[in-house]
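So the sequences go chain by chain: A and B. Numbered per our numbering, the first sequence finishes at 139, counting up by one with no gaps. Numbered per our numbering, the second sequence finishes at 209, counting up by one with no gaps.
These are calculated hints, taken from the structure and not from any lab test. Glycine included, C-beta positions come from ideal geometry on N, C-alpha and C. Be a bit skeptical, because a hint or two may be false.
Under 7 Å between C-beta atoms, here's a sample of chain B residues computed to sit facing chain A [to be verified]:
#1 LEU191
#2 ASN193
#3 ASP196
#4 GLN198
#5 GLY201
A partial selection of chain A residues facing chain B, derived with a Cβ cut-off under 8 Å [unchecked claim]:
#6 ASN48
#7 ALA50
#8 ILE60
#9 GLY67
#10 GLY69
#11 PHE72
#12 PHE115
#13 ASN119
#14 PRO120
#15 LEU127
#16 PHE129
#17 LYS131
Using 20 Å as the maximum straight-line C-alpha spacing, the simulated PhoX-like pairs for lysine-lysine come out as follows [as the list claims (entries may be wrong)]:
#18 LYS82(A) to LYS94(A)
#19 LYS131(A) to LYS147(B)
#20 LYS147(B) to LYS68(A)
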Amino acid sequence: GESVGLHLPTLSVQEGDNSIINCAYSNSASDYFIWYKQESGKGPQFIIDIRSNMDKRQGQRVTVLLNKTVKHLSLQIAATQPGDSAVYFCAENPTSGNTPLVFGKGTRLSVIA
Amino acid sequence: GAVVSQHPSWVICKSGTSVKIECRSLDFQATTMFWYRQFPKQSLMLMATSNEGSKATYEQGVEKDKFLINHASLTLSTLTVTSAHPEDSSFYICSARDLRNANDEQYFGPGTRLTVT
């Protein structure tokens with residue numbers, strides 16, 4: 027079936043370094059992608075999104091890159107801070123309309139002070 | 093804006109009892125809400141799609157008679173775990189889309205931690 031997956035289950039980075047979290051998706055019809063951050067015991071928190079007609083989108087300290095050719099999505103966090111430690115999920119909207127998002131497996135980011 | 097709340101935030105119940113979890117969109121209306129379940133160190137798994145005024149749509153493998161969903165208004169959906177067992181212990185999260193927005197973003201609640209003893 028269709029799925030969204032992640033290359034790296036865990037990622038440890040030094041405080042101040044840049045972090046890159048990757049995600050592969052398999053549904054070429056997906057037109058909307060979101061990155062969520064989830065801290066322990068809390069619900070997912072929206073970070074940044076991107077539509078399939080774009081290949082890059084920047085936010086505050088975060089950048090999402092979309093490569094439709096290889097069906098790859100990445101989240102870049104600049105100057106990673108201890109507060110960035112969490113699990114990050116990519117999610118895709120497989121069809122247009124009011125359908126649920128499909129989540130990837132998640133990557134745990136640990137920031138080393 | 094676009095805040096989703098859940099109640100309770102955590103609950104402990106005895107095996108065999110039923111537990112009701114509420115999901116509310118506080119400042120927007122949502123004809124559709126989604127219920128997810130998350131086990132430790134795992135991703136969110138969609139359980140069902142809750143539709144206002146109609147029956148919920150359940151994902152394969154989710155027992156509709158065990159996980160009762162009621163979406164009686166545009167701002168409230170409830171999930172009742174009936175005859176709960178220890179294996180139902182999990183983190184239950186709801187989400188909703190804002191009808192006013194053309195984007196597809198889903199707003200998530202803070203989750204409800206259910207522990208069945």
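Any of the earlier hints contradicted here, and which numbers? Numbers 1, 2, 6, 7, 14, 19, 20 - these are the hints that the structure violates, sorted from lowest upward.
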